[in-house]
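Starting from the known structure of chain A, arrange chain B on it as the hints suggest.
Protein chains: 2
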Amino acid sequence: MSIINHQILLASRPQGEASVDNFKLVESPVPTLDQLADGQVLVRHHYLSLDPYMRGRMNDSKSYAEPHALGTVMMGGTVGEVLLSKHPKFVPGDMVLGMGGWQEYAVVDANVRGVMLHKVDTTHIPLSAYLGSVGMPGVTAWYGLNKIIQPKAGETVVVSAASGAVGSVVGQLAKAQGCRVVGVAGGPDKCRYVVDELGFDACVDYKAHPDPRAFYKALKEATPEGIDGYFENVGGMILDAVMLRMNAFGRMAMCGMIAGYNGEPMPLQNPALILVNRLKVEGFIVSEHTEVWPEATLTLGTMVATGQLKFRESVAQGIKSAPEAFLGLLKGHNFGKQLVKLI
Amino acid sequence: MSIINHQILLASRPQGEASVDNFKLVESPVPTLDQLADGQVLVRHHYLSLDPYMRGRMNDSKSYAEPHALGTVMMGGTVGEVLLSKHPKFVPGDMVLGMGGWQEYAVVDANVRGVMLHKVDTTHIPLSAYLGSVGMPGVTAWYGLNKIIQPKAGETVVVSAASGAVGSVVGQLAKAQGCRVVGVAGGPDKCRYVVDELGFDACVDYKAHPDPRAFYKALKEATPEGIDGYFENVGGMILDAVMLRMNAFGRMAMCGMIAGYNGEPMPLQNPALILVNRLKVEGFIVSEHTEVWPEATLTLGTMVATGQLKFRESVAQGIKSAPEAFLGLLKGHNFGKQLVKLI
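Same order as they appear, the protein sequences are chains A and B. In this text, residue positions in the first sequence follow the numbering used here: the first is 968, and each later residue adds one. In this text, residue positions in the second sequence follow the numbering used here: the first is 968, and each later residue adds one.
Hints in this document: simulated from the structure, not taken from any laboratory. Fair warning: there could be bad hints in the mix.
No distinction is drawn between identical chains; accordingly, a pair holds when it is met within one copy or between any pair of copies.
To be verified - Okay, derived cross-link-like pairs now, DSSO-like style, lysine-lysine, Cα gap no bigger than 30 angstroms in a straight line: (1) K1247 with K1086; (2) K1247 with K1187; (3) K1184 with K1119; (4) K1053 with K1114; (5) K1247 with K1114.
One chain only, chain A, in its complex shape (with noise of 0.2 angstroms):
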């Protein structure tokens, strides 16, 4: 009796929101082993990482990236251990990094130029890890801040989604840098949070201040001396509000507008302080940078090993659970980097 994969598909396009519409729960079975071509690898998926970029790929329109091809498994980071092997590099046992998508086990082709499969080590760093701090989102936030925002000792940097998978790690780096950081989150849970266990030194909750004179108000006081670095997760009234603390020459790495992502018009206010300030606005997208990709997991996984950098996780249980899990993510439901657990 075989085993059965269930999966998780791109059934349609989103008009505005997103929906558990737009998904599709499918079965198919897994190969055996003389199933499987030479260079191929099966892997069982522990967990599936769940991203906000993930919802700009549902779209069909000019992005960075092609739009996700509809009636195919929805694409996404994912650690798992080797079960069967075709590949002299891969032995079942082995535990692994790559982007097996919304499904409980993949057939990787790890000879085909492109593919990603990466054996981990956990020894001193958690399995999941490989898919937060110690994976893409930390590398994201080590980049935007190190290779874009280049803090100095002194300097006010604010990260927005600031308990998230990317902007705790941002903070974290930059306080360690010898910085002023400071949050922008959603309630006050989270804010704590960034506060008491991350040690930022301030966070604003702008779901306690939703008019953007009170959240502006908020944020002037939480920066006294302006802010010189942001790192850009959010967009919308935040950025706004952002931009008019700038100091001179301030950087801007843009990382993330998860507020735009269903369509709204998103404009920002004015423009002009890019000017004024003579500010550096920067959109990244760390894929591109792979280059920084050993330097930045030494340090990060150096860091989590140490737990010199903290991190937190909101796990969803089962592949099933897949789809309401990523609309809460995109709605900020999820508190850290949200996993799907799949065994």
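Below, chain B alone, put in the same frame as chain A:
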């Protein structure tokens, strides 16, 4: 009988649009040699430079420079001749570039740190060019193009206010570097000049397309391969349209936002494109980059002297014409570098 110096003061701050009432003409006596202190030089101005940045200085708002003090002579670049000197480096007859302001004569404390007074060589370069292509506007163009946009041959570079003192240099420099160069200018005469005289590949007349969609369509036709570099002198509708045409990894040098000087809101419609297309958007002010001046002016001066860099001037006559000429500049009535001839 002493000589009279006619001066124009900033009399009041504009409420919205600037008007002639914001300026005041006054007279003062020109000092004699024994009235000069040690280190002072008396310069008779031949030309006064009028530049858009002056409008920003008239406001009492936070900007990159202190607001211009009320009741003092309007600041501005000038070229002229040394009449009297109590400074060992200057003798009567020297032609000099300085920041003499809106007046016919200036007493310059040439020893005081931060006060600019440079001898200029008019053998092969016309005196007025030191206020234009070989002066601050030229270096502004050089800096934004070479330090921010950094164009590669074959890329498409767009510049707004293309027939102006800065834009005309941006386009000609980019063209000399092998780029496809597209200007944006107001009216058929300016567009023809930009293409026929300055050698741009195309020019889009924004006055012929007041509707944003029509302007976008015209810009799209002129940039079939998208835009890799944009030199911004204007802001508003033009910036929004350009943003939609930017290629991945495009660079935008934010030099001027003349459309917003009167205080009207000027939002950027789609800042998420900075992320989607991994753009670098950077504001700059040339006076903060004096280190490039020697290299830039050597290139620009050589190109002007050899006829490779063409320019055009709008020349108003007499100090009393300065306010009207300045207000016209803000509305795009000038054609090329706006000067006031004082002698």
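Okay, the hints, checked on the actual structure:
no., hint, verdict
1, K1247 with K1086, "neither (37 angstroms within a copy, 35 angstroms between copies)"
2, K1247 with K1187, "both (21 angstroms within a copy, 26 angstroms between copies)"
3, K1184 with K1119, "within (25 angstroms within a copy, 44 angstroms between copies)"
4, K1053 with K1114, "neither (39 angstroms within a copy, 51 angstroms between copies)"
5, K1247 with K1114, "both (12 angstroms within a copy, 13 angstroms between copies)"
Violated hints, listed in ascending order, are 1 and 4; each of the other numbered hints is respected by the structure.
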